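Use the sequences and the hints to build the structure in full.
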Amino acid sequence: MADFKEPRAYNSKTLAKVFLIASFALLVAIVTMILHDYFKPWKQYQREFMTLERKMDRVKFQEAMSKINVQKYNQLKSSLAAAKASIRSERSQIHQDQNMIAKYQAKIYVVHQDYQFKKIEINALKWRYEQYLIKHEANPTLEKQLNNLIAVDKKLGNRVTVLKLKRNGYGQALTQIYAQKTKDQSTLTAMLRQVNQIKHQYAKMGFTPFFAFRNAPIVNFLSPTIKIHQILLKNLPVDLYFAHTMRVDRCITCHLAIDTPGFENAPEPFTTHPDLKLFLSSNSPHPMNKFGCTVCHGGVGPAVGFISAGHVPNSKAEAIRWKKEYGWHYPVNATSHMLPLKYAEASCEECHGVQQHIDFAPKLDLGRRLLVVRGCIGCHKIKQLENLPKAGPPLIRVKGKLTRAFVTKWIWNPRSFDIYARMPSFFNQSNNSGPKSLPKTKAELVSIVYYLFHNSKNYAPPQKYPGYGNIAKGKKLFHTIGCLACHGIADAMPYHPEFAPDLSDEGSKVTASWIYSWIRDPQNYDPTTRMPNMRLSKRQAANITAYLMSLKNPAFEKEAVPKASTAVRNQMIIHILAKNAGWTGAKQELAKMNSGQRWEFLGKHSIQKYGCFGCHEINGFENAQGIGTDLTTWGSKQLEQLDFGLVKIPHTRVAFLKAKLENPRVFDYGRVASFNNRLKMPNFYLSKRDRQAIMTAVLGLTGNYIPQSMQAGLTGNGPLIEAGDRVICKFNCRACHIIHDQGGRILQYYKQIGLDPSMGPPNLADEGAKVQVKWMYNFFRHVYPIRPWLKIRMPSFPWTDKEIDAVITYFNLRDHQEFPFMKISVPKLTFTEMIQAKKLFNQLECLHCHIVGNHMPKDMAAAAPNLSQVRYRLKPAWILKWLKNPNAIMPGTRMPDFWPNNASPAPNILNGNSKKQREILRDYLYTLGSTSAN
Amino acid sequence: MTGKKIYFLTLSLVVMAIVGCGGSSNQGLSGSIGQTAKPTGKLGTAIIQGIVMLKGKPPVEPIIHMGADPICVAAHSKPVHAQTVVVGKNGGLANVFVYVSKGITGTYASPSTPVTLLQKGCMYIPHVLGMMVNQPLDIINEDATLHNVHAMPKINAPFNVAQPTQGMSTTETFSKPEIMIPIKCDVHSWMRGYIGVVSNPFYGVSNSMGHFKITQLPAGTYTLTAWQEAYGTQSQSITITSGQTQGVTFTFNSSSSKK
Numbered sequence: 000m001a002d003f004k005e006p007r008a009y010n011s012k013t014l015a016k017v018f019l020i021a022s023f024a025l026l027v028a029i030v031t032m033i034l035h036d037y038f039k040p041w042k043q044y045q046r047e048f049m050t051l052e053r054k055m056d057r058v059k060f061q062e063a064m065s066k067i068n069v070q071k072y073n074q075l076k077s078s079l080a081a082a083k084a085s086i087r088s089e090r091s092q093i094h095q096d097q098n099m100i101a102k103y104q105a106k107i108y109v110v111h112q113d114y115q116f117k118k119i120e121i122n123a124l125k126w127r128y129e130q131y132l133i134k135h136e137a138n139p140t141l142e143k144q145l146n147n148l149i150a151v152d153k154k155l156g157n158r159v160t161v162l163k164l165k166r167n168g169y170g171q172a173l174t175q176i177y178a179q180k181t182k183d184q185s186t187l188t189a190m191l192r193q194v195n196q197i198k199h200q201y202a203k204m205g206f207t208p209f210f211a212f213r214n215a216p217i218v219n220f221l222s223p224t225i226k227i228h229q230i231l232l233k234n235l236p237v238d239l240y241f242a243h244t245m246r247v248d249r250c251i252t253c254h255l256a257i258d259t260p261g262f263e264n265a266p267e268p269f270t271t272h273p274d275l276k277l278f279l280s281s282n283s284p285h286p287m288n289k290f291g292c293t294v295c296h297g298g299v300g301p302a303v304g305f306i307s308a309g310h311v312p313n314s315k316a317e318a319i320r321w322k323k324e325y326g327w328h329y330p331v332n333a334t335s336h337m338l339p340l341k342y343a344e345a346s347c348e349e350c351h352g353v354q355q356h357i358d359f360a361p362k363l364d365l366g367r368r369l370l371v372v373r374g375c376i377g378c379h380k381i382k383q384l385e386n387l388p389k390a391g392p393p394l395i396r397v398k399g400k401l402t403r404a405f406v407t408k409w410i411w412n413p414r415s416f417d418i419y420a421r422m423p424s425f426f427n428q429s430n431n432s433g434p435k436s437l438p439k440t441k442a443e444l445v446s447i448v449y450y451l452f453h454n455s456k457n458y459a460p461p462q463k464y465p466g467y468g469n470i471a472k473g474k475k476l477f478h479t480i481g482c483l484a485c486h487g488i489a490d491a492m493p494y495h496p497e498f499a500p501d502l503s504d505e506g507s508k509v510t511a512s513w514i515y516s517w518i519r520d521p522q523n524y525d526p527t528t529r530m531p532n533m534r535l536s537k538r539q540a541a542n543i544t545a546y547l548m549s550l551k552n553p554a555f556e557k558e559a560v561p562k563a564s565t566a567v568r569n570q571m572i573i574h575i576l577a578k579n580a581g582w583t584g585a586k587q588e589l590a591k592m593n594s595g596q597r598w599e600f601l602g603k604h605s606i607q608k609y610g611c612f613g614c615h616e617i618n619g620f621e622n623a624q625g626i627g628t629d630l631t632t633w634g635s636k637q638l639e640q641l642d643f644g645l646v647k648i649p650h651t652r653v654a655f656l657k658a659k660l661e662n663p664r665v666f667d668y669g670r671v672a673s674f675n676n677r678l679k680m681p682n683f684y685l686s687k688r689d690r691q692a693i694m695t696a697v698l699g700l701t702g703n704y705i706p707q708s709m710q711a712g713l714t715g716n717g718p719l720i721e722a723g724d725r726v727i728c729k730f731n732c733r734a735c736h737i738i739h740d741q742g743g744r745i746l747q748y749y750k751q752i753g754l755d756p757s758m759g760p761p762n763l764a765d766e767g768a769k770v771q772v773k774w775m776y777n778f779f780r781h782v783y784p785i786r787p788w789l790k791i792r793m794p795s796f797p798w799t800d801k802e803i804d805a806v807i808t809y810f811n812l813r814d815h816q817e818f819p820f821m822k823i824s825v826p827k828l829t830f831t832e833m834i835q836a837k838k839l840f841n842q843l844e845c846l847h848c849h850i851v852g853n854h855m856p857k858d859m860a861a862a863a864p865n866l867s868q869v870r871y872r873l874k875p876a877w878i879l880k881w882l883k884n885p886n887a888i889m890p891g892t893r894m895p896d897f898w899p900n901n902a903s904p905a906p907n908i909l910n911g912n913s914k915k916q917r918e919i920l921r922d923y924l925y926t927l928g929s930t931s932a933n
Numbered sequence: 000m001t002g003k004k005i006y007f008l009t010l011s012l013v014v015m016a017i018v019g020c021g022g023s024s025n026q027g028l029s030g031s032i033g034q035t036a037k038p039t040g041k042l043g044t045a046i047i048q049g050i051v052m053l054k055g056k057p058p059v060e061p062i063i064h065m066g067a068d069p070i071c072v073a074a075h076s077k078p079v080h081a082q083t084v085v086v087g088k089n090g091g092l093a094n095v096f097v098y099v100s101k102g103i104t105g106t107y108a109s110p111s112t113p114v115t116l117l118q119k120g121c122m123y124i125p126h127v128l129g130m131m132v133n134q135p136l137d138i139i140n141e142d143a144t145l146h147n148v149h150a151m152p153k154i155n156a157p158f159n160v161a162q163p164t165q166g167m168s169t170t171e172t173f174s175k176p177e178i179m180i181p182i183k184c185d186v187h188s189w190m191r192g193y194i195g196v197v198s199n200p201f202y203g204v205s206n207s208m209g210h211f212k213i214t215q216l217p218a219g220t221y222t223l224t225a226w227q228e229a230y231g232t233q234s235q236s237i238t239i240t241s242g243q244t245q246g247v248t249f250t251f252n253s254s255s256s257k258k
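Going line by line, the protein sequences match chains A and B.
All letters in the first sequence, in the order written, are residues 0 to 933 by numbering that gives the first Met the number 0.
All letters in the second sequence, in the order written, are residues 0 to 258 by numbering that gives the first Met the number 0.
These are calculated hints, taken from the structure and not from any lab test.
Remember, predicted model here, so these are calculated numbers, not experimental data.
Even glycine gets a Cβ: it sits at the ideal position worked out from N, Cα and C.
Some clues are possibly wrong.
As the list claims (entries may be wrong) - Chain A is faced by these chain B residues, among others (derived, beta-carbon under 8 Å):
1. Leu117
2. Ala161
3. Thr169
To be verified - Chain A is faced by these chain B residues, among others (derived, beta-carbon under 10 Å):
4. Pro69
5. Thr144
6. Pro157
Stated by the list, open to error - Dumping the calculated DSSO-like pairs for lysine-lysine here, alpha-carbon to alpha-carbon at most 27 Å:
7. B/Lys175 / A/Lys59
8. A/Lys66 / B/Lys41
9. A/Lys71 / A/Lys59
10. A/Lys591 / A/Lys562
11. A/Lys883 / B/Lys41
12. A/Lys790 / B/Lys183
13. A/Lys276 / B/Lys153
14. B/Lys175 / A/Lys750
15. B/Lys183 / A/Lys880
16. A/Lys750 / B/Lys119
17. A/Lys647 / A/Lys659
18. A/Lys883 / B/Lys183
19. A/Lys880 / A/Lys837
Put into structure tokens, the structure is as follows:
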């Protein structure tokens with residue numbers, strides 16, 4: 000370079016260096032960018048997946064190949080070769096045939112043309128002739144001409160047909176020569192179909208030069224095969240800071256085989272979804288293109304990075320593994336976090352929250368049941384779970400049921416009486432068992448009991464226990480009649496239902512007369528109770544009473560009743576009153592009260608403080624509101640709104656909930672708070688299973704916006720079905736009955752003691768299609784034994800007409816009956832049909848098991864329902880279905896298949912026509928028991 | 000300078016294209032027809048001749064009360080005992096299903112000759128039955144009363160067929176091996192039978208003296224398993240050479256009831 004010496008403000012040599020360095024840096028930056036883009040993790044996953052898919056295809060190909068029958072394949076090959084050879088040998092014949100066909104084709108063409116032309120001539124002549132006819136003139140020449148032409152045309156037509164037949168003859172000969180080859184070829188194609196499909200698919204993908212070009216850096220903006228895959232969900236919007244925007248899920252960019260069966264054992268992220276029947280596949284109720292991923296799993300749909308998508312591990316071990324493998328850390332910046340898999344069912348609540356019973360999400364279903372049964376909703380409002388019965392018994396007449404000593408000891412420590420106590424512990428907790436707090440809690444305890452008994456209405460059991468109860472008989476009856484559907488008891492363990500209180504120590508709790516009166520007529524003590532009437536005779540009730548009274552808890556009975564100090568009580572009252580009246584005013588007010596008033600004052604205050612009325616009806620608290628936080632949208636509560644206190648746990652909703660449920664007072668740890676300002680939630684001592692279930696249910700309460708059209712139970716018959724299911728859940732019908740594949744929990748006990756499940760409560764499969772509406776109504780009103788041989792008994796429920804109506808509607812709609820569910824028409828049998836039906840009825844030995852009227856079967860162990868009920872109990876269409884295949888309606892039923900594979904067991908009747916036989920048998924059943932028959 | 004830049008870019012492009020394609024070579028599909036199909040199983044000349052014994056005092060089997068169905072009563076001149084544990088005079092245990100549970104290679108064609116399960120005198124004859132998969136099972140009602148044959152398998156498809164008339168016959172098959180399938184009659188609650196379904200012809204049921212025989216076994220080492228309704232299963236290993244007749248003894252203990 001020439002050395003110019005010009006007056007410049009810069010040195011061009013230095014500048015050139017600067018440019019050189021800068022451009023080099025730019026180059027490096029560009030290359031780095033391109034490389035960074037090219038090696039993005041999701042792109043790497045897609046490349047990896049291609050290799051995996053090809054590997055799978057190779058395995059599939061091998062499998063498909065190996066399935067082909069060698070012998071058949073070889074036979075086919077040689078047969079095909081032979082066919083080809085024979086075709087070759089007959090080449091001259093084929094040639095000849097082909098020639099003949101061509102020849103005839105030509106002839107047909109010519110004759111056919113003539114034939115068509117003649118038709119035109121006929122038409123022209125016809126018109127001319129018709130002109131004469133209109134004028135009523137005769138023209139015999141024209142008429143003759145016309146007739147001649149028609150005759151000629153007909154001849155030509157015949158000739159065409161003849162020629163065509165001849166041509167077809169040669170055609171058939173040709174087809175015959177080729178027949179074997181065509182047949183073999185199509186069989187071969189069918190045999191190799193799967194193999195060829197895989198081959199075709201395999202050829203389409205692969206790391207070809209074209210593939211490399213399409214996905215090469217820089218060019219790959221044109222039409223890459225490695226690209227982001229996404230699902231757009233207009234119907235499930237995302238709540239993004241005050242606005243609803245379309246949901247975009249890009250999870251399938253990496254989870255490439257999530258909806259493809261066959262990748263169950265592939266490494267993550269290529270694993271197939273574990274439940275394709277329920278999710279993702281196009282014929283499942285939740286197809287992928289309609290529901291996407293994040294509506295269930297949570298997380299950030301549009302993100303394609305492992306951390307930015309909001310992945311959250313399921314366990315500590317998984318967190319450690321993720322840290323090591325993916326450099327994972329808690330996705331603090333993600334707008335939404337995925338639910339750890341063990342709580343994934345929580346999301347089902349978003350769309351299914353309206354439903355009473357979520358069959359496919361057992362954990363969530365249990366959690367929701369526990370929220371009700373354990374009384375969570377007594378204090379915490381949850382909009383989806385409103386207007387449900389209180390979890391605890393009413394205390395309006397507590398004086399007539401329990402003693403003060405029992406109630407005091409019970410509230411003080413419910414678990415010392417019964418480890419299955421559903422009543423939680425308010426006292427002896429981590430934040431109120433210190434030496435300063437203990438006397439105060441005792442004062443609260445004693446005052447609460449004083450209030451309850453002081454305000455209790457009088458009650459005396461109306462029926463006195465007659466005293467002749469037999470413990471052993473009572474035990475047997477208790478275990479067989481159906482008490483175990485709802486109540487747990489120690490001597491039926493490990494089977495232990497939790498719907499109603501555990502009765503293992505009942506003898507230390509109530510009096511014999513109280514139990515006796517209660518089981519004879521539960522609504523007498525508590526008009527609102529769901530406890531049904533078991534229609535026990537006096538003796539049966541006495542036996543059960545004797546049994547329950549024999550179950551004592553001596554350790555609890557020996558326990559001392561906690562005592563309170565009046566000085567502490569007074570101090571506490573002053574503290575409370577001082578808030579409004581000041582210290583001197585408070586002391587003056589206290590002085591005005593006598594001892595009873597003081598206990599009552601503190602009792603009322605304590606009941607208000609702990610919210611006892613959330614679960615119990617208490618006189619004086621009829622309109623009190625639950626004292627807990629509203630949980631309706633807790634699942635989307637901002638973390639800043641949760642008080643983690645000084646407890647060192649990760650600041651996540653899951654961790655908070657877990658700590659809170661493990662010890663509800665935990666967040667008071669290390670904190671300075673006055674006695675009345677400490678956390679009050681009682682300890683439920685939840686098992687791990689129950690805690691996780693409740694967590695699942697609470698985490699699902701997000702309040703996220705879901706359009707009505709996407710919510711279950713809101714469209715069509717949904718609300719009617721849910722209304723019925725609400726009654727079914729409220730009265731625990733599924734404890735005994737299997738209703739649409741769910742329930743029958745008592746059968747676990749049958750299994751435990753080795754009892755035949757067919758001796759259990761009937762399966763209510765297809766019940767709506769089975770029984771008549773009128774019968775169902777009457778049955779609920781006046782229950783009678785349909786299967787007298789069963790030990791377990793259908794109770795009489797205290798249902799209103801509205802509740803019965805809801806249940807009837809539920810069954811009929813679930814089983815696709817048309818409103819108003821009343822269509823019943825049975826054809827009348829003719830005289831001869833009647834004779835044949837009777838013959839069939841006898842020949843099939845229906846009476847061997849079925850009761851008819853007063854006629855009992857030979858062996859009551861094999862008894863089946865009374866057929867004279869058919870007339871007013873069953874629907875005719877159902878009977879045909881039942882007779883055809885009982886096992887399809889009720890798996891495991893004792894009713895055998897009389898027409899297996901539609902073959903008749905009585906070929907002598909109606910020519911063995913199975914369908915007709917079932918029909919006349921059905922019609923005959925409707926005549927049984929009526930006055931008109933016989 | 001610019002020329003060099005393009006040169007660099009092209010170079011990196013080529014490098015990346017190679018990286019993109021490298022690693023996984025374009026392997027073709029391979030596999031030959033019928034390659035991995037299991038070979039047809041062979042028959043041999045070895046014989047297992049065994050006995051099943053019961054140690055200890057056999058339990059007293061209760062008498063079955065058939066009074067509920069007069070036709071059942073009429074079929075027997077002597078009282079009938081339950082058949083849960085049937086012991087011969089020599090202490091041999093009857094109705095034990097013995098089969099080769101491990102060591103068989105290859106597949107065996109199912110015979111088309113049916114096995115028969117009789118309902119006679121309101122009892123199942125035989126009480127324990129062995130058969131091969133897809134082998135026809137003829138179930139015949141020899142009584143002039145209603146029976147239903149209610150099979151309660153866990154793996155195979157269940158069936159429950161009524162046979163209201165004497166001489167009625169039904170043919171069923173089981174498509175998968177299953178040890179054991181209980182059979183009951185819901186009409187006569189005492190009627191119980193068991194069917195063992197296996198995929199080879201090497202099985203036997205002990206007779207009233209506890210004897211059983213498995214023939215045509217190829218030489219090899221096998222696991223032999225015996226199943227008894229009340230006492231569960233027992234297994235033992237056995238090695239056998241061609242043409243040999245090997246004795247085997249299974250001993251169940253009467254105090255080891257499985258329930």
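Hint check results:
1. Leu117: At 18 Å from the nearest chain A Cβ, B/Leu117 fails the 8 Å test, so the hint is violated.
2. Ala161: OK, holds: B/Ala161 within 8 Å of chain A, min 4 Å.
3. Thr169: Holds: closest Cβ of chain A sits about 6 Å from B/Thr169, inside 8 Å.
4. Pro69: holds (7 Å)
5. Thr144: holds (7 Å)
6. Pro157: holds (7 Å)
7. B/Lys175 / A/Lys59: holds (24 Å)
8. A/Lys66 / B/Lys41: holds (21 Å)
9. A/Lys71 / A/Lys59: holds (21 Å)
10. A/Lys591 / A/Lys562: holds (24 Å)
11. A/Lys883 / B/Lys41: Violated. A/Lys883 to B/Lys41 sits at ~44 Å, over the 27 Å cutoff.
12. A/Lys790 / B/Lys183: holds (22 Å)
13. A/Lys276 / B/Lys153: holds (22 Å)
14. B/Lys175 / A/Lys750: Holds, because 26 Å separates the two Cα atoms, which is no more than 27 Å.
15. B/Lys183 / A/Lys880: Roughly 24 Å separates the two Cα atoms, so the pair holds.
16. A/Lys750 / B/Lys119: Answer violated: A/Lys750 to B/Lys119 is near 31 Å, above 27 Å.
17. A/Lys647 / A/Lys659: holds (13 Å)
18. A/Lys883 / B/Lys183: Satisfied, since the Cα-Cα distance of roughly 21 Å is no more than 27 Å.
19. A/Lys880 / A/Lys837: OK: A/Lys880 and A/Lys837 at ~20 Å, within 27 Å.
When the structure is compared with the earlier hints, violations turn up for hints 1, 11, 16 and for no others.
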